[in-house]
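There are 2 protein chains.
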Amino acid sequence: MTEQHATRHRGRGRRPAAEVRADVLAAAGRLLLHEGLPAVTFDRVAREAGSSKVTLYKWWPSPGTLAAEAYFAQSAPVLRFPDTGDIRADLVAQLTAFVRWLTREGAATPVSELVGAAQTDPDVARAWAEEYARPRRELARDRLHAAQQRGQLREDADLEVIVDQLWGACYHRLLVLKVPFDETLVPRLVDQALYGAARAR
Amino acid sequence: MTEQHATRHRGRGRRPAAEVRADVLAAAGRLLLHEGLPAVTFDRVAREAGSSKVTLYKWWPSPGTLAAEAYFAQSAPVLRFPDTGDIRADLVAQLTAFVRWLTREGAATPVSELVGAAQTDPDVARAWAEEYARPRRELARDRLHAAQQRGQLREDADLEVIVDQLWGACYHRLLVLKVPFDETLVPRLVDQALYGAARAR
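Read top to bottom, the protein sequences are chains A and B.
Quick note on full-length UniProt numbering: the first sequence kicks off at 1 and runs consecutively.
Quick note on full-length UniProt numbering: the second sequence kicks off at 1 and runs consecutively.
Calculated directly from the structure, the hints in this document are not laboratory data.
These numbers were taken from a predicted model, which means no experiment stands behind them.
Every residue, glycine too, gets a C-beta built ideally from N, C-alpha and C.
Some hints here could point you the wrong way.
What the hints assert, rightly or not - Here are the simulated BS3-like pairs of lysine-lysine, each with C-alpha atoms no more than 30 Å apart in a straight line:
(1) K178/A to K58/B
(2) K58/A to K53/B
(3) K58/A to K58/B
Stated by the list, open to error - Residues of chain B placed beyond 10 Å of chain A at every Cβ, according to the derived structure:
(4) A17
(5) D23
(6) R47
(7) F72
(8) D83
(9) E105
(10) Q119
(11) E131
(12) A169
(13) R173
(14) L177
Claimed, not checked - FRET-style restraints, in silico, Cβ to Cβ:
(15) R150/A to R188/B: 18 to 26 Å
(16) A17/A to P135/B: 51 to 59 Å
(17) D43/B to R80/A: 44 to 52 Å
Construct the complete structure from the given sequences, taking the supplied hints into account.
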């Protein structure tokens with residue numbers, strides 16, 4: 001976003017709120033992904049989006065919650081969850097996109113910073129959990145439930161545990177162990193969640 | 001720790017370094033578990049342990065790294081990993097102790113705060129990952145490897161993936177989803193990791 005662009009916006013008078021909001025989220029998302037969470041200040045976002053800081057204060061309780069919402073907007077198209085009817089293929093596809101997004105498309109740092117902030121900032125915690133992590137879990141659970149109905153998963157399988165064991169495994173490496181990983185992990189992860197680690201009984 | 005206690009220490013002259021270190025870690029661990037990470041300042045720990053702030057600055061680069069080491073010292077006796085030869089029983093016992101430690105013995109907040117701090121503080125990240133999370137993974141992997149040798153786990157099972165899918169699942173609920181959970185989760189978690197979620201092929 002350039003000064004010229006911001007000036008052009010100002011010259012046009014009052015823009016529709018939805019348009020301003022989209023511009024603000026896009027600017028915050030760019031800052032978040034390229035420079036990390038500390039770069040997402042109301043000052044910089046307002047400047048880059050050609051909006052006023054007063055507007056930002058009205059819409060978000062803190063820069064951290066704006067950053068969280070910007071992350072959801074940026075990640076949504078990347079993290080689509082395919083629905084082909086083959087649960088193994090759909091899980092591998094979705095988790096591969098997630099791991100690439102983290103490790104190759106720059107999301108590892110902002111995700112770590114957002115989850116990190118969520119541990120001590122209740123507003124960020126609420127935005128992250130309620131608007132991202134739990135809705136994503138719901139989506140995964142819907143797909144797993146459909147697979148269970150089709151007979152691909154055991155009737156007594158705990159679908160939330162499957163979610164924990166797939167996405168939780170990636171977060172474990174990213175946040176807790178802090179070891180590098182890449183998408184070659186994904187097929188092993190999915191197969192082990194589906195078929196187990198024990199010798200056949 | 002009382003003023004009286006601190007005074008008694010000072011009156012005894014120079015104490016052995018190992019004794020001072022143990023007192024400092026114990027004081028930091030108490031503050032961490034009862035009041036959380038922000039309570040672990042060099043000021044308060046020095047006062048509670050009857051030691052000098054200079055000593056603390058010499059031994060730890062920051063209060064966060066002192067808190068991390070204090071956490072390891074506090075958690076070590078709680079998180080012993082039994083070795084009975086029955087991998088399912090040992091995993092259930094260890095994970096049950098871990099989940100109780102988080103949810104009933106007050107460790108959820110300090111663990112969240114430490115992992116949160118590790119996302120932006122490289123010293124805490126290093127202390128957490130290198131001195132706690134990865135050595136704990138090694139210990140789990142040793143147990144899993146022994147079970148594999150005994151024929152309880154498949155020869156092609158990825159042991160690190162099992163670790164991610166067990167402990168990572170707990171951290172996922174604690175840090176990412178921020179949903180309550182308790183030790184009734186553990187047997188389902190272990191059985192699903194061992195026997196899989198898919199219908200038998």
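Status of each hint after checking the structure:
1. K178/A to K58/B: holds (27 Å)
2. K58/A to K53/B: violated (44 Å)
3. K58/A to K58/B: violated (46 Å)
4. A17: Check passes; 30 Å lies beyond 10 Å.
5. D23: Correct as stated: the minimum Cβ-Cβ distance to chain A is 28 Å, above 10 Å.
6. R47: The claim holds: R47/B sits with its nearest Cβ about 24 Å from chain A, beyond 10 Å.
7. F72: Fine: 14 Å to the nearest Cβ keeps F72/B off the interface.
8. D83: holds (18 Å)
9. E105: The assertion about E105/B holds, with a minimum of 19 Å to chain A.
10. Q119: Nearest chain A Cβ is 3 Å from Q119/B, so the label is violated.
11. E131: With a cut-off of 10 Å, E131/B remains clear of chain A, as the shortest Cβ separation is near 12 Å.
12. A169: violated (4 Å)
13. R173: violated (6 Å)
14. L177: violated (5 Å)
15. R150/A to R188/B: 18 to 26 Å: holds (22 Å)
16. A17/A to P135/B: 51 to 59 Å: holds (52 Å)
17. D43/B to R80/A: 44 to 52 Å: Between D43/B and R80/A, where Cβ atoms are some 51 Å apart, the hint holds.
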